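J.: Chains as they are written, first to last, in this note's numbering: chain A, 441 to 788; chain B, 441 to 788.
Careful, some of the hints might be misleading.
The list treats identical chains as interchangeable, and a pair is accepted whether it falls inside one copy or across any two copies.
With a Cα cut of at most 35 Å, we get these calculated DSBU-like pairs of lysine-lysine [what the hints assert, rightly or not]: (1) LYS587 x LYS648; (2) LYS449 x LYS516; (3) LYS478 x LYS739; (4) LYS747 x LYS505; (5) LYS505 x LYS478; (6) LYS667 x LYS442; (7) LYS516 x LYS581; (8) LYS747 x LYS621; (9) LYS698 x LYS777; (10) LYS768 x LYS478; (11) LYS587 x LYS444; (12) LYS444 x LYS747; (13) LYS648 x LYS747; (14) LYS442 x LYS747; (15) LYS505 x LYS768; (16) LYS768 x LYS621.
For the record, the hints were derived by calculation from the structure and aren't laboratory data. Remember, predicted model here, so these are calculated numbers, not experimental data.
There are 2 protein chains.
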Amino acid sequence: MKFKTIEWKGDRVRILDQRRLPGLVRHIDCNTASSVAKAIREMAIRGAPAIGVAAAMGIALAGQKIRTDRPALFLKEVDKVCRQMGQTRPTAVNLFWAIRRMRSVLGRSAQGIKELRAELIKEALAIYREDIEVNRSIGEKGQNLIKDGAGILTHCNAGALATAGYGTALGVMYAARDQGKRFHVFVDETRPLLQGCRLTAWELVQEKIPATVITDNMAGVLMASGKIDLVIVGADRIARNGDTANKIGTYGLAVLSKWHGIPLYVAAPISTIDFGLDSGTEIPIEERGGDEVTHIGGKRIAPTGIKVFNPAFDVTPHSLIAGIITEKGIIRPPFNKSIIRDVGSKAT
Amino acid sequence: MKFKTIEWKGDRVRILDQRRLPGLVRHIDCNTASSVAKAIREMAIRGAPAIGVAAAMGIALAGQKIRTDRPALFLKEVDKVCRQMGQTRPTAVNLFWAIRRMRSVLGRSAQGIKELRAELIKEALAIYREDIEVNRSIGEKGQNLIKDGAGILTHCNAGALATAGYGTALGVMYAARDQGKRFHVFVDETRPLLQGCRLTAWELVQEKIPATVITDNMAGVLMASGKIDLVIVGADRIARNGDTANKIGTYGLAVLSKWHGIPLYVAAPISTIDFGLDSGTEIPIEERGGDEVTHIGGKRIAPTGIKVFNPAFDVTPHSLIAGIITEKGIIRPPFNKSIIRDVGSKAT
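If we strip away everything but chain A, and leave its shape as in the complex, we get (with noise of 0.2 Å):
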């Protein structure tokens, strides 16, 4: 990747500032967990993973610059950190998973201070790697899918700047690519903050893989029109049967792909399946401002006195689902058996 959507530089958090994205490369950074937090929540960062990633910095960050002899104070201050990262966005589970992961350097006994904070770094960094391998692994096992001279849509942005750096459903796409094949993206530009139309499209164009935006109510038209062989989109969260949440919009499209009898696929690490689910109806969904809708570029486009309903998300029912590419392998259904049988040991 010619960028980098995140880096831990010691002292600070350097984050990719993906609202100022494609017009400007712009980034920011962190010097504390409280503006990695602000950067998760306004959404500077997003994409399951790679909030995951951030929030893991910003605990480490705070082990850096909490000023206390006192290993009891030390552990307070860093457990109130874990506690506002969780309350940053409510539906991506790698959030939760990556606070976990950080909570149990803490648990280890015997420690003090010093290593603790060498420790929460390590970890972070460990997240930070390990995403990316995931991610690679995610694209080996997928890129099967993809046959030469292929069409395929995506919506929101799973790419590299979803990530820590490689991409989850874009990553099956870079896979392919190394492979050799040729094949085209169909980008919906996904409102209201079309992600798909500024950082995938913006991926895609520095990665030279050809690929065309749309607006997401011509996803069903071009489906229709045959240009379209599989659908690959990213998850913020899977329940334990295979229903997905991810971006608003991806609900829609698996019905249009089920009715075009298209295959969809969700790419994603398998620290986005939520175990303790049973199934999506239980996945919170976030709410955002109607002011997303109402605005683009600080420019209102809506009447006032008009009533916005804005869900980030939505949840996909595994029926409609054709597999889900993890780093282990591609998930087939029906998945209330395979993923237990196929990932249930990696849950953590």
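Using the hints, position chain B against chain A.
T.: Same frame as chain A, but now just chain B:
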């Protein structure tokens, strides 16, 4: 209505500039037929019935402005304007229907230029007035479909702004409101030009009808949640078998409606039916410039180098349509029989 979409002003045509709504209520005074054609092409005025009325008024205006006492030259010049109007937008058939009506005036023999000028104005004003009457009839025939407490989804703008002044899909809602019914309207914002968010929302706020705007990709999850009882949309051209061209996204919405068992109705005047077409595959679909997708409010949102697909319309197959609400009543499937039987005699 508290506004006029289009007005005949004797020596000019006054058009409400819909590109500026809802931020600015600004009118354009068109002093020439060319400026009316430009307003249609650049979508200062849009909506199938409205552009038919605009073209007719533009032709009547040309009649006023052509300076000659030679009938043959007069006819030649008006004919040129008719052809110019026919080249503004290719999909909506009401445009060609209105032009044909205006041409039929020219065909009446033994008239001098003075009489022809008067007849052109008379015909344009008749088309204007009839459109409002027809809209009111559509409302009256369709309003029984709306039950008290209903949730209705609509796409794009098929309201007063899309017609001479009342609306087709929204006309049905206005008529139901006048019957004392309460209901809630969900409005697809309708990318790329946001006619739902900008125009339909504006009309509904002014008419004090409770309404919520959503991004196009939220329709699926809204249907799954049980909040939508029926979908009503307008039409730009209907083939003899019921296949309907309408704003891009209508097809996807129709598939989603069918999937969820929600009836989708098309509301349109009989002049929208193209009796010359066996099916929707023959309807020409306008493709517009990519900058409508890559730019919002003059600001670039997509990276340079990305391709764009921007069809302005799509075709919904008749099998996904529960009924077509016309001024003569609701046409029900099978449309290949009912359209000719119920309204075929109205074909011109």
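J.: Now tell me, hint by hint, if it's right for this structure.
T.: Going down the list of hints, with the structure as the test:
When the C-alpha separation of LYS587 and LYS648 is checked against a cutoff of 35 Å, the pair qualifies only within one copy, where the shortest distance is 18 Å, while the shortest distance between copies is 53 Å. Proximity of LYS449 to LYS516 under the C-alpha cut-off of 35 Å is restricted to the intra-copy arrangement: shortest distance 24 Å within a copy versus 76 Å between copies. In this assembly of identical chains, the alpha carbons of LYS478 and LYS739 lie at most 35 Å apart whether taken from the same copy (23 Å) or from different copies (26 Å). Proximity of LYS747 to LYS505 under the C-alpha cut-off of 35 Å is found in neither arrangement, the shortest distances being 43 Å within a copy and 46 Å between copies.
In this homomeric assembly, LYS505 and LYS478 come within 35 Å of each other (Cα to Cα) only inside a single copy, at 17 Å, whereas the closest approach across copies is 63 Å. Taking the shortest alpha-carbon separations for LYS667 and LYS442, only the intra-copy value of 30 Å comes in at or below 35 Å, while the best inter-copy value is 45 Å. Taking the closest pair of Cα atoms, LYS516 and LYS581 never come within 35 Å of each other, the shortest separation being 42 Å inside a single copy and 68 Å across copies. Taking the shortest Cα distances, LYS747 and LYS621 sit within 35 Å of each other only across copies (20 Å), while inside one copy they are farther apart (46 Å).
Proximity of LYS698 to LYS777 under the C-alpha cut-off of 35 Å is found in both arrangements, the shortest distances being 22 Å within a copy and 31 Å between copies. Proximity of LYS768 to LYS478 under the C-alpha cut-off of 35 Å is restricted to the intra-copy arrangement: shortest distance 33 Å within a copy versus 58 Å between copies. In this assembly of identical chains, the alpha carbons of LYS587 and LYS444 lie at most 35 Å apart only when taken from the same copy (29 Å versus 55 Å across copies). For the homomeric pair LYS444 and LYS747, the shortest alpha-carbon distance between copies (25 Å) is at most 35 Å, but the shortest distance inside one copy (38 Å) is not.
For the identical chains of this complex, LYS648 and LYS747 are inter-copy neighbours only, at 12 Å across copies versus 41 Å inside a copy, given an alpha-carbon limit of 35 Å. Taking the shortest alpha-carbon separations for LYS442 and LYS747, only the inter-copy value of 21 Å comes in at or below 35 Å, while the best intra-copy value is 41 Å. Neither within a single protomer nor between protomers do LYS505 and LYS768 lie at most 35 Å apart by alpha-carbon distance, with minima of 37 Å and 75 Å respectively. Taking CA atoms no more than 35 Å apart as the test, LYS768 paired with LYS621 passes inside one copy only; the shortest distance there is 22 Å, against 56 Å between copies.
Hint violations for this structure: numbers 4, 7, 15, all remaining hints satisfied.
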